[in-house]
Every structure is written in C-alpha cells, then in structure tokens.
Amino acid sequence: MLKRQSKTKIFFLSLIPFLMLLSGCEFKDIDKDVFVSMIAIDKSSDNDKPYKITLKFYQPTSSYKEAPEPQFSYLTQNGESLSEAIRLMESYIDKEIEFGHSKLIVIGEDLIKAKKSKEILDFLLRRPDIQMISWITVGRPTAEEIVHLVPEGENAAYPAIFNYFDENGTESQYIVTSYLFDFRRRLKEEGIDTVLPIIVIDEEKKHFKVNRALILRNNKEPHELSTLDTGIYNMLTSRAKVADLIIKEEGDYFIARIDSIDSKFKVNVSDTKKITIELEVSLVGYISESKETLQNKDLPYLNKLLEKDANMKFTAFMEEMIKNGYDPLGFRMNYKSHTLHNHRISTEEWNEAYKDAEIHITVKPGLKSTGTIQ
Amino acid sequence: MIANIIASVPAILFHFHKEGSVSAIILAIIVGTILITMYTRFFNSFPGMTLPELLKNTTSKWFYKSFVFFLAIVWFVAGLITLVTFTFLLIRFLTPEMPIIQICLTIMIPALFGSLMKTERILYTLEILILIGFPIIVFVFYKAYSSDKLEWAFVKDAALYFNQLPNLHAFSACFYLFLGVANLFIFNRFFTEKQNFNWKNVLFIGLLSTLALFTTYFIPIGFNGLDHIEELVYPWISTSDSLRMDFFLIERVLFVFLILYVGIAFLSIMIHWHVSLEFFNSIFNLEKVKFKGIAIGKLIVILLYVGVSLFFVRKLNEYQLFLFTSLFYDMLIIFFPSMLLLFFFIKRGMKNVKKAK
Numbered sequence: 001m002l003k004r005q006s007k008t009k010i011f012f013l014s015l016i017p018f019l020m021l022l023s024g025c026e027f028k029d030i031d032k033d034v035f036v037s038m039i040a041i042d043k044s045s046d047n048d049k050p051y052k053i054t055l056k057f058y059q060p061t062s063s064y065k066e067a068p069e070p071q072f073s074y075l076t077q078n079g080e081s082l083s084e085a086i087r088l089m090e091s092y093i094d095k096e097i098e099f100g101h102s103k104l105i106v107i108g109e110d111l112i113k114a115k116k117s118k119e120i121l122d123f124l125l126r127r128p129d130i131q132m133i134s135w136i137t138v139g140r141p142t143a144e145e146i147v148h149l150v151p152e153g154e155n156a157a158y159p160a161i162f163n164y165f166d167e168n169g170t171e172s173q174y175i176v177t178s179y180l181f182d183f184r185r186r187l188k189e190e191g192i193d194t195v196l197p198i199i200v201i202d203e204e205k206k207h208f209k210v211n212r213a214l215i216l217r218n219n220k221e222p223h224e225l226s227t228l229d230t231g232i233y234n235m236l237t238s239r240a241k242v243a244d245l246i247i248k249e250e251g252d253y254f255i256a257r258i259d260s261i262d263s264k265f266k267v268n269v270s271d272t273k274k275i276t277i278e279l280e281v282s283l284v285g286y287i288s289e290s291k292e293t294l295q296n297k298d299l300p301y302l303n304k305l306l307e308k309d310a311n312m313k314f315t316a317f318m319e320e321m322i323k324n325g326y327d328p329l330g331f332r333m334n335y336k337s338h339t340l341h342n343h344r345i346s347t348e349e350w351n352e353a354y355k356d357a358e359i360h361i362t363v364k365p366g367l368k369s370t371g372t373i374q
Numbered sequence: 001m002i003a004n005i006i007a008s009v010p011a012i013l014f015h016f017h018k019e020g021s022v023s024a025i026i027l028a029i030i031v032g033t034i035l036i037t038m039y040t041r042f043f044n045s046f047p048g049m050t051l052p053e054l055l056k057n058t059t060s061k062w063f064y065k066s067f068v069f070f071l072a073i074v075w076f077v078a079g080l081i082t083l084v085t086f087t088f089l090l091i092r093f094l095t096p097e098m099p100i101i102q103i104c105l106t107i108m109i110p111a112l113f114g115s116l117m118k119t120e121r122i123l124y125t126l127e128i129l130i131l132i133g134f135p136i137i138v139f140v141f142y143k144a145y146s147s148d149k150l151e152w153a154f155v156k157d158a159a160l161y162f163n164q165l166p167n168l169h170a171f172s173a174c175f176y177l178f179l180g181v182a183n184l185f186i187f188n189r190f191f192t193e194k195q196n197f198n199w200k201n202v203l204f205i206g207l208l209s210t211l212a213l214f215t216t217y218f219i220p221i222g223f224n225g226l227d228h229i230e231e232l233v234y235p236w237i238s239t240s241d242s243l244r245m246d247f248f249l250i251e252r253v254l255f256v257f258l259i260l261y262v263g264i265a266f267l268s269i270m271i272h273w274h275v276s277l278e279f280f281n282s283i284f285n286l287e288k289v290k291f292k293g294i295a296i297g298k299l300i301v302i303l304l305y306v307g308v309s310l311f312f313v314r315k316l317n318e319y320q321l322f323l324f325t326s327l328f329y330d331m332l333i334i335f336f337p338s339m340l341l342l343f344f345f346i347k348r349g350m351k352n353v354k355k356a357k
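Protein sequence lines, in the order shown, are assigned to chains A and B. Residue 185 in my numbering is what sits at position 185 of the first sequence, and the numbering runs on without skipping anything. Residue 28 in my numbering is what sits at position 28 of the second sequence, and the numbering runs on without skipping anything.
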C-alpha cells in the first residue's frame with residue numbers, strides 16, 4: 001500500500017497530462033475580434049432598405065509609439081432591418097464584430113423625425129452585448145458624418161466625443177447626457193418625455209458642437225430646444241453642475257456663475273382637474289463678470305436682480321413647454337408618485353388639463369461674492 | 001435567498017407589477033418570518049437530528065419513505081431551476097459562442113463535487129464564499145442606491161400600488177426566498193447544541209428580508225421605469241448594466257455582478273443537491289450499494305442528476321422555464337406551511353419515544 005503522501009503525488013502527476021487537453025477557451029481569440037467604438041444609424045435614401053448603419057472600429061496597434069494618432073476604420077451598409085445590415089457587414093470584414101465596447105449610439109436626425117425610435121430601441125435592447133450605459137445622441141445632419149469625424153486634438157484610444165458625455169471631461173451646462181437605459185424608460189413611461197442631445201459639426205469640420213437638445217414625445221413632432229433652453233433644462237433637472245446666467249436689468253449687466261444648483265418640484269391636481277406646479281430652484285454662486293464696479297454690500301440687491309431675471313427665464317421656458325404639451329421634467333411622473341393609482345386622472349384628462357397648467361416658480365438666489373475684485 | 005434575486009423572482013414580481021406585487025411582498029415578509037421562526041424553533045428542540053431521522057422514529061415506514069423521496073425530488077428541482085436559469089443567463093451575456101451543454105457542465109460538475117462533501121464542509125464553503133461575495137453585493141447595492149440616475153419618482157409610483165389584493169404567484173415567488181430555512185432538514189445535523197434563538201434574531205431576519213425584497217423589486221423599477229418593465233427578461237441584469245463605474249478597471253458593473261452571481265448560483269445548487277442527495281441516502285442507504293467493492297450508490301444518483309439536467313437545459317425555452325418556475329413556487333406555498341402539521345405530530349411522537357426509552 002502506498003503512503004498517503006505518495007498517493008497525492010501520483011494523483012497530481014497524472015493530472016498534468018490531462019491539463020494538455022485544455023487547449024484553450026471557447027472564446028474567440030482577441031485578434032479575431034474587431035471592436036466597435038460607435039454605432040451610427042441613419043435613414044437611407046433607398047426605400048426598400050430604410051436603415052443605414054455605419055460602424056466605427058478601433059484599429060488595433062501594438063503600441064502607442066507605433067500609432068500616436070487615432071486610427072479607425074469604418075463600414076457602412078443599408079438594410080431592411082438593423083440586424084440585416086449588420087449581418088451583411090460581417091461578410092465585409094475578416095473578424096468577428098464585437099459590440100461590447102461600443103459606448104456611443106448616434107441616430108440620424110431624419111430617422112428620429114420619421115419616428116423610428118421604437119424600432120431602433122428594440123434592436124439596441126434586444127442584443128445583449130450592447131451596453132445599457134452607452135450614450136444615445138442625435139446626429140445632425142446625419143449620424144454618419146458625426147461618426148466619421150476625428151476632431152483636432154483627439155487622443156489615440158479614447159475618442160474625443162465620449163468626453164462630452166461622460167461627466168468627466170467638459171462640464172458645460174448645454175450638454176444633455178442620455179444613457180440607453182434612460183432613453184428606454186423615458187420612451188416607455190407616459191409621465192416623462194425623452195430628451196436627447198444633438199451633435200453638430202462646426203463649419204471648418206474640426207470640432208463637435210453639442211449644445212442643443214431634442215424632446216421626443218409619443219405621437220408628437222420632436223421639439224428642438226435652443227441653446228439657452230437646453231441650459232435651462234439642465235439647470236432645472238440639476239444635471240448641470242455649474243452654469244452661467246447673464247443678467248441684464250435696468251442698466252446692470254453682470255454674469256452670475258452658479259456652482260450649486262438645486263431644483264425640486266411638486267405637482268398637484270385639484271378636484272376640478274386643474275394642474276398646479278410648484279417649482280423651486282436654488283442658485284448659489286458668485287459673480288464672474290460685470291460691466292460696472294460692484295460693491296460687496298450691494299449683494300442683496302444683486303441677488304434680487306438674479307432672482308427676477310432667473311424667474312423670468314425659467315417661466316418663459318416652462319410656459320413654452322406647457323403650451324406645446326411637452327413634459328421633459330416629468331411633472332406627470334411626480335404627480336403619479338404621490339397619488340394612489342386608482343385616484344389618478346386618465347391620460348386624456350391629463351393632456352387636456354396640462355395645456356392650462358399653472359406654474360409657480362420660486363427662485364432662491366444665493367450670490368455669495370463678487371469674485372476676486374469688487 | 002440571494003441567488004433568486006437575479007432571475008426568476010423579480011421576473012415573476014414584475015409580471016404582476018400592477019396586479020398586487022407590492023402587497024404580496026409585504027404579506028410574504030410577515031408570513032415568511034413567522035415560518036422561519038417556527039421551523040427554527042422546531043429543529044432547535046431536536047439538536048443534531050435531521051428530518052429523515054425524526055420521521056423514521058415517529059412515522060410508519062411507507063409514509064417515511066415516500067415522503068422523503070418526494071422531498072428529495074423537490075430539492076433536486078430547486079437546484080435544477082437555478083442551474084437552468086444560470087446556464088441561460090451565461091449563454092446570453094457572458095459566452096454566447098460556447099455550446100450550452102458545456103456551460104451547463106462547467107457549473108454542474110463543481111457543484112456536484114461540492115454536494116458530495118460532508119455537511120459540515122459545505123457550511124464552511126458557504127462561509128468562505130459569502131465572505132468573498134458579500135462586500136461585492138454591498139458594493140453593487142451601494143452603487144445602485146447612490147446613483148443619481150435612480151429615479152425615486154418611479155419607485156414611489158410603483159409603491160403606490162400597495163392597496164391591491166396580493167397576487168398569488170407574486171406571493172409564492174417572494175415566499176420562496178424564505179424557504180432557505182428548510183435546508184435545516186439536513187443541516188440540523190451540524191447544530192448539535194441548542195442554539196440561542198430569540199426575538200432579536202427574528203427581528204434581524206425580518207429586517208434583512210425586507211431589505212432584500214425591497215432592493216429586488218424597487219431598484220430595477222427606479223432604473224427602468226414602471227410601465228412595460230415586464231418586458232425585461234432579466235431585470236437585474238439590465239439594472240446592473242445601467243450602473244457605471246467611472247474610475248474603475250471595468251466600467252460595466254454587469255460583469256462584476258455576473259461573476260459574483262455565478263458563485264452564488266454554484267452555492268445554491270450545491271446546497272440544494274447536497275440536501276437532495278442526503279434524502280436519497282437516508283431512504284436507499286446509498287453507501288451500501290456496492291459494485292465490486294466500490295460504493296457506487298451516490299454515483300448512480302449523480303449520473304441521474306446530470307442526465308435529467310442536461311435534458312432540461314436542452315429542452316426548455318425561457319418561457320417554459322418561467323412557467324415551470326412559477327408553478328413550482330406555487331406548489332411550495334401549500335406544501336411548506338402544511339409541513340408544520342407534520343412537525344406537530346413528530347413532536348408528539350418524539351415525546352413517546354423518549355418515554356419509551
């Protein structure tokens with residue numbers, strides 16, 4: 001009888017030949033994959049094949065020194081459905097197309113206007129490998145052009161356009177960020193409208209401009225927000241971390257830099273089906289530019305000016321939204337969140353009542369300083 | 001308890017999200033905590049005795065054999081459901097190119113080896129895996145709760161559906177989470193001394209299960225909205241994919257979550273099949289079945305397990321799995337509370353046995 005220790009030794013020795021059988025994993029090798037960095041979906045001119053997909057692929061390189069400039073390759077294909085286009089594309093490239101690392105989805109403006117968001121959403125969600133945290137945007141004039149542009153100053157490895165949305169690079173008040181899961185929940189939910197950023201390329205074709213947004217609502221034309229309105233929308237949803245407000249009142253002209261924004265609202269529906277919205281915004285910050293010399297002791301007065309001006313701007317924005325029947329902030333959702341489901345008014349009643357909803361905006365100004373000079 | 005967060009339980013709950021899921025959750029927490037208390041109390045009064053042993057002492061042979069056989073099948077099915085669910089999950093999200101049989105085997109083989117271990121060692125494995133997994137679960141939950149993309153308006157909206165009659169299927173799905181206590185049928189062997197079990201423990205269990213069920217149900221709603229949430233086949237997968245780690249090696253929380261849950265699924269299958277094997281062992285005396293001097297009793301059962309599992313993994317589709325799971329849960333809500341009656345008989349019987357001694 002062998003000793004216990006030598007038994008163990010024999011066991012391990014006989015195990016080693018079996019390890020040879022593990023020739024590799026069932027995964028595809030990494031050099032047989034090609035990684036998609038962005039997906040662009042457009043409307044094609046071909047009626048039978050309405051979708052046009054453009055994919056942007058990362059070009060693999062062995063080191064940074066070899067390719068200090070960003071390198072990409074592109075594929076474009078029309079298709080009757082999105083999957084058909086991708087299936088055809090697979091035959092144009094020698095590698096397996098891998099969607100797991102794609103972080104940006106650009107949808108052409110024409111396609112959004114043709115109300116195809118539901119079909120696109122279905123495709124994007126049904127594929128398990130597309131990230132739910134990829135950003136979804138609208139490309140103007142076409143998504144293909146956006147995807148093709150490599151702007152000046154772009155690093156290899158990380159496309160510049162991602163920095164606009166990842167809340168890590170630029171913190172502009174005009175950029176709306178919409179993740180795929182957010183896009184889905186807003187499209188499916190009745191109480192809140194979808195807001196997507198619009199990407200435009202500047203005239204010299206060197207940079208992107210992301211300072212507008214598009215509101216989508218079921219059974220309605222998409223509504224475009226101007227740059228100013230986009231900023232206000234971002235402030236009202238507390239998405240913007242910092243914001244500038246230009247205040248022009250009775251000869252005073254100064255710019256308030258708001259570094260802490262907090263907004264909350266409450267929606268009430270009376271028994272007579274009258275909607276009242278209480279919106280409260282607090283703006284805390286300092287003055288970053290002024291045409292006149294300012295006095296520290298005048299801060300209460302400046303605060304009054306800020307309050308008046310901000311109130312006017314917010315009211316104008318909200319009234320436009322209400323008049324046109326858009327609900328980007330989710331007023332109906334707020335109403336639903338504090339009313340029992342069997343006591344709620346129906347969708348038709350809400351839509352009717354929303355047109356003459358009353359809105360009360362309270363601005364709490366908090367200018368703390370005139371900056372480094374008086 | 002935790003293993004089911006990921007797949008079938010939330011899917012069933014969301015199916016009835018406007019037809020009484022919330023009230024079912026509340027009811028299940030109350031009933032479930034009571035059930036746990038009663039089961040624990042019962043087994044605490046017989047330290048070190050497993051259910052088959054107790055039954056052997058108190059009931060007639062035909063009842064004992066057929067009943068334990070039935071229990072063994074129930075536990076096998078519980079493990080099978082977890083196995084099939086996770087196989088489907090892995091093929092969908094992690095390794096779409098791998099053949100389904102191979103995925104199934106990679107989970108099954110370690111789990112089977114595990115279930116052959118001694119009861120005591122299984123508890124140690126459990127301890128280690130919980131120690132590794134728990135911080136990650138807490139981290140994912142923390143990420144979810146602290147995310148500014150979590151819309152509380154959706155959560156509140158969903159919670160306001162509480163004033164409906166509890167839905168039976170939703171109730172049974174929630175109730176299933178509390179049935180982990182039934183593993184004491186075998187694991188009581190390990191607790192040879194009387195355990196201290198008082199109202200504090202009951203309160204703790206109640207609070208923990210409330211937190212678990214609240215998270216299971218409301219966090220996916222906060223991320224995915226209430227309307228049409230039943231469309232999501234794997235609500236928690238979509239939810240964990242909605243989380244983003246800005247400054248980590250991996251950006252998608254999904255993969256951390258998936259790997260972690262493979263571990264938990266492995267545990268769950270291992271425990272269920274261990275209990276099932278022990279039940280078979282106690283009726284068929286598997287250790288005595290020998291072929292040329294080698295004990296093959298357990299091997300036969302295990303081969304049966306492998307065969308049945310592979311058959312179901314290949315045959316079922318997602319809808320059938322959902323239906324089958326839902327049916328299984330429904331059956332259990334009648335079965336486990338009625339076990340309490342049996343406990344009552346056993347208690348009386350055991351008194352007589354003691355007297356006889």
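Please note that a few of the clues may not be correct.
[To be verified] Some, not all, of what chain A presents toward chain B, calculated at C-beta under 10 Å:
hint: 1; residue: Lys43
hint: 2; residue: Glu90
hint: 3; residue: Asp182
hint: 4; residue: Ser238
[As the list claims (entries may be wrong)] 25 Å max Cα-Cα, derived BS3-like pairs, lysine-lysine:
hint: 5; chain 1: B; residue 1: Lys156; chain 2: A; residue 2: Lys7
hint: 6; chain 1: B; residue 1: Lys355; chain 2: B; residue 2: Lys56
hint: 7; chain 1: A; residue 1: Lys7; chain 2: B; residue 2: Lys118
hint: 8; chain 1: A; residue 1: Lys205; chain 2: A; residue 2: Lys248
hint: 9; chain 1: A; residue 1: Lys188; chain 2: B; residue 2: Lys18
hint: 10; chain 1: B; residue 1: Lys18; chain 2: A; residue 2: Lys241
hint: 11; chain 1: B; residue 1: Lys298; chain 2: A; residue 2: Lys7
hint: 12; chain 1: A; residue 1: Lys266; chain 2: A; residue 2: Lys364
hint: 13; chain 1: A; residue 1: Lys3; chain 2: B; residue 2: Lys56
hint: 14; chain 1: A; residue 1: Lys118; chain 2: B; residue 2: Lys65
hint: 15; chain 1: A; residue 1: Lys118; chain 2: B; residue 2: Lys118
hint: 16; chain 1: B; residue 1: Lys156; chain 2: A; residue 2: Lys266
hint: 17; chain 1: A; residue 1: Lys273; chain 2: A; residue 2: Lys209
hint: 18; chain 1: A; residue 1: Lys115; chain 2: A; residue 2: Lys206
hint: 19; chain 1: B; residue 1: Lys355; chain 2: A; residue 2: Lys103
hint: 20; chain 1: A; residue 1: Lys273; chain 2: B; residue 2: Lys65
hint: 21; chain 1: B; residue 1: Lys355; chain 2: A; residue 2: Lys188
hint: 22; chain 1: B; residue 1: Lys143; chain 2: A; residue 2: Lys103
hint: 23; chain 1: A; residue 1: Lys188; chain 2: B; residue 2: Lys149
hint: 24; chain 1: A; residue 1: Lys65; chain 2: A; residue 2: Lys32
hint: 25; chain 1: A; residue 1: Lys274; chain 2: B; residue 2: Lys156
hint: 26; chain 1: B; residue 1: Lys149; chain 2: A; residue 2: Lys266
hint: 27; chain 1: B; residue 1: Lys61; chain 2: A; residue 2: Lys7
hint: 28; chain 1: A; residue 1: Lys266; chain 2: B; residue 2: Lys18
hint: 29; chain 1: B; residue 1: Lys56; chain 2: A; residue 2: Lys241
[To be verified] Chain B stretches covered by chain A per the calculated footprint, using a threshold of three residues with CB under 8 Å from any CB of chain A:
hint: 30; segment: 142 to 154
hint: 31; segment: 214 to 227
hint: 32; segment: 320 to 333
The set of hints was computed from the structure by calculation and includes no laboratory data. We treat Cβ as the ideally placed atom computed from N, Cα and C, and that holds for glycine.
Going down the list of hints, with the structure as the test:
About 26 Å separates the beta-carbon of lysine 43 (chain A) from the nearest beta-carbon of chain B, more than 10 Å, and the hint is not met. The restraint placing glutamate 90 (chain A) at the interface with chain B is violated, with a minimum CB-CB distance near 14 Å, outside the 10 Å limit. Nearest Cβ of chain B to the Cβ of aspartate 182 (chain A): about 7 Å, under the 10 Å cut. The hint holds. A least Cβ separation of about 8 Å between serine 238 (chain A) and chain B falls short of the 10 Å threshold, and the interface hint therefore holds.
Proposed proximity of lysine 156 (chain B) and lysine 7 (chain A) is contradicted: the alpha carbons are some 63 Å apart, above 25 Å. With a C-alpha separation of about 17 Å, the suggested pair lysine 355 (chain B) and lysine 56 (chain B) falls inside the 25 Å cut-off, and the hint holds. As the CA atoms of lysine 7 (chain A) and lysine 118 (chain B) are separated by approximately 22 Å, the hinted pair is consistent with the 25 Å bound. For the hint linking lysine 205 (chain A) to lysine 248 (chain A), the alpha-carbon distance of about 34 Å lies beyond 25 Å, and the restraint is violated.
Distance restraint check for lysine 188 (chain A) and lysine 18 (chain B): the Cα-Cα separation of roughly 15 Å lies within the 25 Å cut-off, and the hinted pair is therefore satisfied. Straight-line distance between C-alpha atoms of lysine 18 (chain B) and lysine 241 (chain A) comes to about 37 Å, which puts the hinted pair past the 25 Å bound. Distance hint between lysine 298 (chain B) and lysine 7 (chain A) is fulfilled; the C-alpha atoms sit about 24 Å from each other, no more than 25 Å. Restraint check for lysine 266 (chain A) and lysine 364 (chain A): the C-alpha separation of about 16 Å stays at or below 25 Å, so the hint holds.
Between lysine 3 (chain A) and lysine 56 (chain B) the CA atoms are separated by roughly 41 Å; this puts the pair beyond 25 Å, and the hint is violated. Pair hint lysine 118 (chain A) plus lysine 65 (chain B) does not hold up; C-alpha atoms about 57 Å apart against a cutoff of 25 Å. Between lysine 118 (chain A) and lysine 118 (chain B), the direct Cα distance comes to roughly 54 Å. Violation of the 25 Å bound is thereby established for this hinted pair. With a C-alpha separation of about 14 Å, the suggested pairing of lysine 156 (chain B) with lysine 266 (chain A) holds against the 25 Å cut-off.
Taken as a hint, the lysine 273 (chain A) and lysine 209 (chain A) pair is broken in the structure, with Cα atoms around 42 Å apart against an allowance of 25 Å. A threshold of 25 Å between alpha carbons decides the hint, and for lysine 115 (chain A) with lysine 206 (chain A) the separation of about 30 Å lies outside it, so the pair is violated. Proximity of lysine 355 (chain B) to lysine 103 (chain A) is assessed by CA-CA distance (about 73 Å); at most 25 Å being required, the pair is judged violated. This hinted pair does not check out: lysine 273 (chain A) and lysine 65 (chain B) have alpha carbons roughly 67 Å apart, beyond 25 Å.
Using a Cα cut-off of 25 Å, the hinted pair lysine 355 (chain B) and lysine 188 (chain A) is violated, with the two alpha carbons roughly 68 Å apart. Proposed proximity of lysine 143 (chain B) and lysine 103 (chain A) is supported: the alpha carbons are some 20 Å apart, at most 25 Å. Simply put, lysine 188 (chain A) and lysine 149 (chain B) have alpha-carbon atoms about 16 Å apart, close enough for the 25 Å limit, and the pair holds. Between the alpha carbons of lysine 65 (chain A) and lysine 32 (chain A) the distance comes to roughly 23 Å, so the proposed pair stays at or under 25 Å and holds.
Restraint check for lysine 274 (chain A) and lysine 156 (chain B): satisfied, since their Cα atoms lie roughly 22 Å apart, inside the 25 Å limit. Distance check on the hinted pair: lysine 149 (chain B) and lysine 266 (chain A) sit about 19 Å apart at the alpha-carbon level, within 25 Å; holds. Restraint check for lysine 61 (chain B) and lysine 7 (chain A): not satisfied, since their Cα atoms lie roughly 43 Å apart, outside the 25 Å limit. The straight-line distance between the Cα atoms of lysine 266 (chain A) and lysine 18 (chain B) is roughly 24 Å, inside the 25 Å bound, and the hint therefore holds.
For the hint linking lysine 56 (chain B) to lysine 241 (chain A), the alpha-carbon distance of about 70 Å lies beyond 25 Å, and the restraint is violated. Evaluation of the coverage hint for the segment 142 to 154 of chain B: fulfilled, as 5 residues show C-beta separations to chain A shorter than 8 Å, against a requirement of three. Taking a C-beta to C-beta cut-off of 8 Å, the segment 214 to 227 of chain B contributes 5 residues in contact with chain A, enough for the three needed, and the coverage statement holds. Taking a C-beta to C-beta cut-off of 8 Å, the segment 320 to 333 of chain B contributes 0 residues in contact with chain A, too few for the three needed, and the coverage statement is violated.
In this structure, the earlier hints numbered 1, 2, 5, 8, 10, 13, 14, 15, 17, 18, 19, 20, 21, 27, 29 and 32 are contradicted, and the remaining ones agree with it.
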